[in-house]
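Visitor: Each chain, written out:
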Amino acid sequence: MKKNAYLLVLAAAIGVAVTAFTYRSDNSGYGLTLGNPEIKSITALAFGPDGILFIGDSKSATIFAIDTKDKTTADKSSAIDLKAVDQKIASLLGTKVENIAFQDMAVNPLSKKIYIAIQHSDGTPVLLTIDGDKIQAVSLTDIAFSSIALNNAPAEDAKDQRGRSLRISTISDLAYADGKVMASGLSSQEFSSTFRSMTFPFTSKQEAASLEIYHAAHGQYETASPIKTFTTATINNKKYLIASYTCTPLVLFPLDELKPGTHVKGRTVAEMGSGNQPIDMITMNTNGKSFLIMSNSNRPVFRVNFKNIESFQGSLTTPVEENFATEGVAFVNMPITNVLQLDKLDENRMVMLQRKLNGSLDLWSSDNQQWLLQ
Amino acid sequence: MCNLIFFVFHFYACSEKSSEIQIRWTGDRATGLLIPEGVVKNPSGNSEQHITVHLIASPGSVSMLGNFRKQNGDIIFEPLVPFTRGLSYEVRADGNPVGEIEIPAADAADAPQLVNIYPTQDTVPENLLKIYLQFSNPMREGVSANHVILLRNDADTIKGAFLDLQPELWNEDRTLLTLWLDPGRIKRDLIPNKTLGTPLQQGSHYTFIVDGSWQDTQGSTLPGPYHKLFFVLHRDSLSPDPRQWNVYTPAAGTSEELDINLGSALDYSLLNTTLRIENERHEFIAGQWGTGDEEKNILFLPEKSWERGKYTLLIQTRLEDLAGNNINRLFEVDVRTETKSKTTADVVTISFEIN
Chain X
42 MKKNAYLLVL AAAIGVAVTA FTYRSDNSGY GLTLGNPEIK SITALAFGPD
92 GILFIGDSKS ATIFAIDTKD KTTADKSSAI DLKAVDQKIA SLLGTKVENI
142 AFQDMAVNPL SKKIYIAIQH SDGTPVLLTI DGDKIQAVSL TDIAFSSIAL
192 NNAPAEDAKD QRGRSLRIST ISDLAYADGK VMASGLSSQE FSSTFRSMTF
242 PFTSKQEAAS LEIYHAAHGQ YETASPIKTF TTATINNKKY LIASYTCTPL
292 VLFPLDELKP GTHVKGRTVA EMGSGNQPID MITMNTNGKS FLIMSNSNRP
342 VFRVNFKNIE SFQGSLTTPV EENFATEGVA FVNMPITNVL QLDKLDENRM
392 VMLQRKLNGS LDLWSSDNQQ WLLQ
Chain G
105 MCNLIFFVFH FYACSEKSSE IQIRWTGDRA TGLLIPEGVV KNPSGNSEQH
155 ITVHLIASPG SVSMLGNFRK QNGDIIFEPL VPFTRGLSYE VRADGNPVGE
205 IEIPAADAAD APQLVNIYPT QDTVPENLLK IYLQFSNPMR EGVSANHVIL
255 LRNDADTIKG AFLDLQPELW NEDRTLLTLW LDPGRIKRDL IPNKTLGTPL
305 QQGSHYTFIV DGSWQDTQGS TLPGPYHKLF FVLHRDSLSP DPRQWNVYTP
355 AAGTSEELDI NLGSALDYSL LNTTLRIENE RHEFIAGQWG TGDEEKNILF
405 LPEKSWERGK YTLLIQTRLE DLAGNNINRL FEVDVRTETK SKTTADVVTI
455 SFEIN
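Sequence lines, in order, name chains X and G. Those letters in the first sequence? Residues 42 to 415, per this note's numbering, in order. Those letters in the second sequence? Residues 105 to 459, per this note's numbering, in order.
These aren't lab readings, by the way, just hints derived from the structure by calculation. Yeah, the Cβ is synthetic: ideal placement off N, Cα and C, and Gly gets one too. Honestly, I wouldn't trust all of these hints.
[What the hints assert, rightly or not] Covered, in the sense of this in silico footprint (three residues per stretch, anywhere, with C-beta under 8 Å from a C-beta of chain G), are these stretches of chain X:
| hint | stretch |
| --- | --- |
| 1 | 122-133 |
| 2 | 138-150 |
| 3 | 153-164 |
The shape of chain G in the complex, shown without the other chains:
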């Protein structure tokens, strides 16, 4: 914690009491300043001065928005947004500088990492719809378009490959980002598709690059760049079919993983959210889901050891493959020739037995 307390301080005014302006931290955010009583009081008496806080080097002399309150004679200033790591601020009393403080930059050891890029396999269909980026730290939002590049055959940058969505699609703690390849270019017959073609084209290879200047929420940058190579295969126009899945069951009495082979890679995020297991008594079996082997299989680790008996795997039909085809319907339906959906059920099931 010691290194989190501020250190640069120039004391200009009152010296009647040993006092230092201190940074108040909430986790790793500098969310306030404690301005000691000695700074607040007018040197000639007890009358209080008007305290303001300013960003040094900001154009003009604007005082920051925030709340001031008194605590044991000292003043607590809480800005509307946390102080920025690496920047310096000045405290003024009746317009006169009385202290300066630097917010230490984030520790380099806490720099973010790009942990995974999904799909993890290196072949994808021409109509690949989503790419997920998994980071170690909460990342800065709204800037993915500046940091993600798609390069075709090591030469051409594909412009407009991804939807530039605002707000972007982050998970709650800002560590998992969903990127959509522009569906307007994937959907047949829409103008973007006709004029620009699909972002990925069969037979080409692409390099997906995440550059190293992307900052996390504390201002630390990725150590990147990161590269991932994709080879593009034909369009995927088939729905995932759970009837083709193979379930490999562990022995009763063990707590080993149940392994479900999906035949082909499915959507990483949906695989983690659309499956559940019940026993014969329709009781939910608690445990942990995790994708394995390039999202072509999914593993379930139960919290308790398996009991002998019959089980049901319940699969929400919104589960999609890499091209956005779900169990009930294809990503795009040709209303003239294709049946709209094989089933309208929300859930389909697979039975298995533990012996």
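For reference, chain X alone in the conformation it holds in the complex:
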């Protein structure tokens, strides 16, 4: 008993010490504090500098930056070929495969380790890493993190009878470029663009500028539409946001024109068919060529040569000509279908989560398939 009592006192003392040091600053230089981020959902992932992972939490309308401490540089990762990866993950989580959903995937550009966000059917979010055939959980407690809330809802924002806010916005995609975190979002109420650009490290005086982004369809009808997925790229020495909408694909915006409070018109460079949703977009620079690779809900993976986008140069803020948008930039249908998640593994390889024809959900890297990017 005495020993137990001693252990209890010791445990209490350690507890006090741990509490005392919770929420102290870390030394990453990114303004992070140590503690437990209350992440309620993980709907988008993107890597920033030095192993910092940005997590889009739609449920709490917050972007978290967490220090993964995963900073060891690897030039090349091991090949990935995980058959029925959903079965493997479901078993690790102690549930059936129909009770888990893949939310997003991001590759750490330093370690080349794959990070996957899973949501359990009861809403619990899980962050996993995949390295070769090793699947491990990433702890989201006692870590260095910072966060920025996207909803600056006024206090009197109406609630329903049970006091719940009715206005919800989700984070559909995240990216980090040039010291800025960019997030596209959808609102449950208005079919509008909630595209935000935030400097990182996050500051208390965060503008979280919401940009008013329009795309002009055929120069006639103009609507504010939400961006589903996006990436950034340099075309003709100018940096662009390449956005894909829920209702019409590929629109280009010069990054330097995206300023808070401005009415920015994008240029539609391609419509890629109806009844389809863009899922992911990445840029691959390989074999001296630059490609935009785009996975889709109801189409094969598209490959667009940036040279073709460059050749569409013109006035960037005027609506496109009528036949311009309908013809659009030439693109190639790659012989890969049902790709649910897509990311760049390294300079020469992509990693894909693909529903195969036999029904198996496989995670694989495009090793020995350089012809895909030629």
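Using the hints provided, position chain G relative to the given structure of chain X.
Guide: Frame of chain X; chain G shown alone:
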């Protein structure tokens, strides 16, 4: 609470101490197991064994991810995600089974209900943009496309009528879902509109069906299917105009509802979030908003009785009708012929008086 404690348990190992593996609950979620000391200790001595937890019937023999910690000699296992209701798990010590436990299925009495489908009226414009589903319980996300069907004239299933968004648009507690009819098919001249036409077409009737296999977050299914019939009228290309609204005021000294007649149905969710009332001193009047009569009017029940005097109803101009036209701008603007917006103000007002 009694029925929430586990019951299936087979004890294979140590019997030196009366012990049972217990489920630890957080609300209605099975978030941990208490594995008693007797199971943990090696029968031959005090040396501890390596404890793992496995889903029975899972392919292979994978041990679950989670955290183990000690509490008074017992082991607490907290899995990364709660145990699944209705499934069985095995506890192993150094690879040998030492206990089995079943997580009871959710109580049938707690099954979810589809409480309402908005808009509630049975006529809608051809360019209807949103449908809201209100449930009684938090529902499983990401699966609405598998459970919602739109049937035209009792015969044809309309494929691709709704945007399949991931993540879906749920409120925070996952009881209200926003479904968008594919805007690419509603917006004139976009390829989806040209090739497939609008999801709803004037003169037809449609049945919106929510099937009964949709599960809530605890695995209970809706008792459905639910059906709602819509008749489709002409395209709505007019913005809502608060100047046409009628405000019916209660008498001073009462706590009765203020009733605002909107003339036509407006968006359910926005109606509940875009209005507020101030008195002459610009003080916010606390109370409860609620839609009435097919979202063609909105009611405000004040917390305190009305004082005699002048009031202002403030309306955020992002308030939309059923077709996504808001007070400032139409859902789609013809840049060649139409003025972009009547006003750019964020808020418009209506004055009224309580006597």
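Visitor: Each hint should be assessed against the structure and marked as holding or not.
Guide: Here's how the hints hold up against the structure:
no.	hint	result
1	122-133	holds (count 5)
2	138-150	holds (count 3)
3	153-164	holds (count 5)
Checked against the numbered hints listed earlier, the structure breaks none of them; every hint is satisfied.
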